[in-house]
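Going down the list, the protein sequences come from chains A and B. Read left to right, the first sequence gives residues 1 to 333 (my numbering). Read left to right, the second sequence gives residues 1 to 333 (my numbering).
No lab work stands behind these hints: they were computed from the structure. On a predicted model such as this, the values are computed, not experimentally measured, just so you know. Don't take each hint at face value.
Just so you know, same-sequence chains aren't split out, so a pair can sit in one copy or run between any two.
[To be verified] Each computed DSSO-like pair below joins lysine-lysine, with the alpha-carbon atoms no more than 30 Å apart:
id, residue 1, residue 2
1, Lys242, Lys69
2, Lys299, Lys194
3, Lys69, Lys27
4, Lys62, Lys3
5, Lys3, Lys27
6, Lys299, Lys55
7, Lys126, Lys3
8, Lys73, Lys3
9, Lys3, Lys292
10, Lys242, Lys3
11, Lys11, Lys128
12, Lys37, Lys194
13, Lys242, Lys73
14, Lys126, Lys51
15, Lys37, Lys126
16, Lys242, Lys51
17, Lys55, Lys292
18, Lys62, Lys299
19, Lys312, Lys292
20, Lys312, Lys62
21, Lys62, Lys194
22, Lys194, Lys73
23, Lys67, Lys3
24, Lys67, Lys299
25, Lys51, Lys292
26, Lys69, Lys126
27, Lys242, Lys27
28, Lys55, Lys194
What follows is the residue order along each chain.
Number of protein chains: 2
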Amino acid sequence: MMKASTHIFEKGVFIEDTATIVGPKEKAGPVGKYFDKHFDDDILGQPSYEKAEIKMHVSLIKYLMNKTKHDPKDVDLCISGDLLDEIMGTSLTMREFDIPFLGAYNACATFAECLITGAMFLTTGKFKRIICSTSSHFSTAERQYRFPLELGNQRTPLAQWTVTGAGGTMLNNTGGKVRLTSCTIGQVVDYGVKDANDMGACMAPAAKTTLSKHLRELGVSPDYYDLILTGDLGEAGSRLLKRLMSEEGIPLGDNYNDCGVLIFNRVAQDVGQGGSGAACSSTVFNGYVYKKMLSGEFKRVLLVPTGALCSKTSILQGESIPGIAHAVSFEVV
Amino acid sequence: MMKASTHIFEKGVFIEDTATIVGPKEKAGPVGKYFDKHFDDDILGQPSYEKAEIKMHVSLIKYLMNKTKHDPKDVDLCISGDLLDEIMGTSLTMREFDIPFLGAYNACATFAECLITGAMFLTTGKFKRIICSTSSHFSTAERQYRFPLELGNQRTPLAQWTVTGAGGTMLNNTGGKVRLTSCTIGQVVDYGVKDANDMGACMAPAAKTTLSKHLRELGVSPDYYDLILTGDLGEAGSRLLKRLMSEEGIPLGDNYNDCGVLIFNRVAQDVGQGGSGAACSSTVFNGYVYKKMLSGEFKRVLLVPTGALCSKTSILQGESIPGIAHAVSFEVV
């Protein structure tokens with residue numbers, strides 16, 4: 001018998017509230033009005049983009065505690081991450097808070113990892129309230145993974161645009177208007193793609209593996225959900241996923257979308273295939289999706305953040321770029 | 001009321017077995033005979049040290065499954081990490097296994113994070129068997145955090161020597177000779193140390209914070225444990241911790257030691273202050289400590305892996321290097 005990767009949260013794991021903060025480009029995008037806060041200058045008055053990303057993540061966590069009227073002493077744990085080497089942005093963010101911290105890294109699928117870990121920890125009954133958060137920044141990601149911005153490199157057609165922002169969820173085990181109902185923990189899937197400018201193709205096979213497992217193990221069809229939302233496959237990657245799912249015998253319908261597709265107007269905003277980054281799913285979910293769930297537009301949502309597992313070094317050494325995707329389902333209470 | 005950071009594992013979380021694999025220098029050290037496997041050539045026939053580290057981590061996980069007579073289908077989850085940018089070594093290790101994967105990063109405290117997360121997941125009753133593992137490699141760490149080896153840089157007096165190795169624990173909820181009894185999840189502690197060649201000083205304050213919290217919250221004194229073992233403070237860092245604990249009113253006795261001190265003969269092996277790295281605590285615990293627990297020499301052990309939170313970029317930008325430490329306690333069943 002194969003083991004199940006899908007786990008049900010029978011006991012209540014609830015969203016107490018969410019918070020989002022984004023840059024000017026994200027604010028100007030199609031779902032801009034759903035973000036809580038934005039800034040007009042993406043360096044936030046800091047001497048470096050890395051310090052700007054840290055300032056953004058610190059602001060996010062403070063704002064989430066303000067919104068929920070909690071002090072650090074009310075929060076049992078932060079499970080958080082980002083895309084910088086050694087998740088440096090998050091580690092330095094956390095020195096501002098007297099809150100226990102576990103650092104997560106599954107590339108742009110990190111937000112799902114945070115939610116799954118948070119939900120499991122709450123299920124033990126040992127924790128009352130956990131913050132799950134991620135950040136990313138266009139300028140720190142470009143410099144680290146690709147080229148210095150000053151070089152003015154031309155972008156390739158399949159490239160995506162890293163979301164500048166931070167998104168966080170306050171989970172608790174006492175109550176909220178939306179609850180986590182299940183999760184599927186993904187595995188690393190490697191189709192041998194080596195193009196660091198085609199992240200959608202690196203991640204789509206992992207999204208297919210996790211999504212089809214999730215649906216099969218729960219015994220539901222895609223239309224069980226009002227919305228199935230991958231993290232950051234972008235336009236081309238989403239088309240690839242639809243094709244892979246059709247080949248798998250589980251065609252996706254109009255209820256399927258992708259955070260990277262939703263967050264930008266990709267033609268008018270010149271973002272290649274769409275948004276990407278660890279904050280792509282965390283801002284779109286905590287902003288747009290959560291608010292649409294509160295207003296009753298979506299009752300059941302499946303979020304499938306997707307990550308491309310590479311580093312500058314692995315790419316230079318000729319390694320392929322495998323993907324990973326985890327699924328988390330939500331339901332209006 | 002302050003929240004507690006310490007959690008008791010009332011339900012059984014057991015060590016089914018452990019595995020370790022190390023390089024020639026670690027094998028030649030004082031606890032060398034307790035490691036399961038070693039190799040004589042630290043590049044393992046690979047074209048790069050990064051690929052060597054991946055090969056080592058893959059071998060470790062295969063060996064751990066062999067020892068416990070399990071297939072990937074019997075293992076519900078791997079929670080693993082390393083020190084490479086984007087935990088690249090672990091991510092590429094995991095493409096070899098059909099096992100769900102969550103990537104952990106708390107620098108050299110990662111092994112504790114893996115154990116804590118694994119134990120919490122097992123406590124939910126949703127998982128039967130989880131692998132917790134970390135790797136590190138002297139040559140990949142030197143190149144990434146400090147200088148290319150080819151440069152032949154002189155080492156500073158407070159420097160440590162990154163352990164080349166990988167260590168893993170197979171946790172289950174059914175039975176074993178050693179069980180996990182509690183954990184204390186640490187927070188980021190920043191004393192403003194900026195010297196990347198003095199990791200002990202960066203991490204000792206975090207070790208003090210977590211260790212004193214652990215003892216106070218459980219209401220026990222240090223001699224409750226047969227062994228209290230920090231991760232990789234090294235000789236100078238351990239002295240610093242002893243001093244900080246004395247100032248805290250909880251002096252440490254002869255039952256205190258450090259994995260980084262234990263693993264090398266620091267004078268004869270010319271390793272500066274001792275061993276360090278994500279595999280320092282995972283090899284010493286899974287090799288030396290676990291076997292001494294099986295033989296009855298230690299009945300109660302507190303492991304406190306320690307991590308220094310920095311990256312090349314954070315150091316170049318003048319950031320301080322905060323530390324983090326998590327504690328996990330074990331008892332012979």
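These are the hints, each one checked on the structure:
no., hint, result
1, Lys242 x Lys69, "neither (42 Å within a copy, 39 Å between copies)"
2, Lys299 x Lys194, "neither (38 Å within a copy, 50 Å between copies)"
3, Lys69 x Lys27, "within (25 Å within a copy, 54 Å between copies)"
4, Lys62 x Lys3, "between (40 Å within a copy, 18 Å between copies)"
5, Lys3 x Lys27, "neither (43 Å within a copy, 37 Å between copies)"
6, Lys299 x Lys55, "neither (34 Å within a copy, 46 Å between copies)"
7, Lys126 x Lys3, "both (26 Å within a copy, 11 Å between copies)"
8, Lys73 x Lys3, "between (38 Å within a copy, 6 Å between copies)"
9, Lys3 x Lys292, "neither (34 Å within a copy, 34 Å between copies)"
10, Lys242 x Lys3, "within (26 Å within a copy, 46 Å between copies)"
11, Lys11 x Lys128, "both (13 Å within a copy, 19 Å between copies)"
12, Lys37 x Lys194, "neither (36 Å within a copy, 33 Å between copies)"
13, Lys242 x Lys73, "between (45 Å within a copy, 28 Å between copies)"
14, Lys126 x Lys51, "neither (34 Å within a copy, 40 Å between copies)"
15, Lys37 x Lys126, "neither (32 Å within a copy, 38 Å between copies)"
16, Lys242 x Lys51, "neither (38 Å within a copy, 34 Å between copies)"
17, Lys55 x Lys292, "within (28 Å within a copy, 46 Å between copies)"
18, Lys62 x Lys299, "within (29 Å within a copy, 43 Å between copies)"
19, Lys312 x Lys292, "neither (38 Å within a copy, 41 Å between copies)"
20, Lys312 x Lys62, "between (32 Å within a copy, 27 Å between copies)"
21, Lys62 x Lys194, "between (39 Å within a copy, 26 Å between copies)"
22, Lys194 x Lys73, "between (45 Å within a copy, 28 Å between copies)"
23, Lys67 x Lys3, "between (40 Å within a copy, 20 Å between copies)"
24, Lys67 x Lys299, "within (23 Å within a copy, 47 Å between copies)"
25, Lys51 x Lys292, "neither (32 Å within a copy, 46 Å between copies)"
26, Lys69 x Lys126, "within (21 Å within a copy, 33 Å between copies)"
27, Lys242 x Lys27, "within (28 Å within a copy, 51 Å between copies)"
28, Lys55 x Lys194, "between (33 Å within a copy, 20 Å between copies)"
Checked against the numbered hints above, the structure breaks hints 1, 2, 5, 6, 9, 12, 14, 15, 16, 19 and 25 and satisfies the rest.
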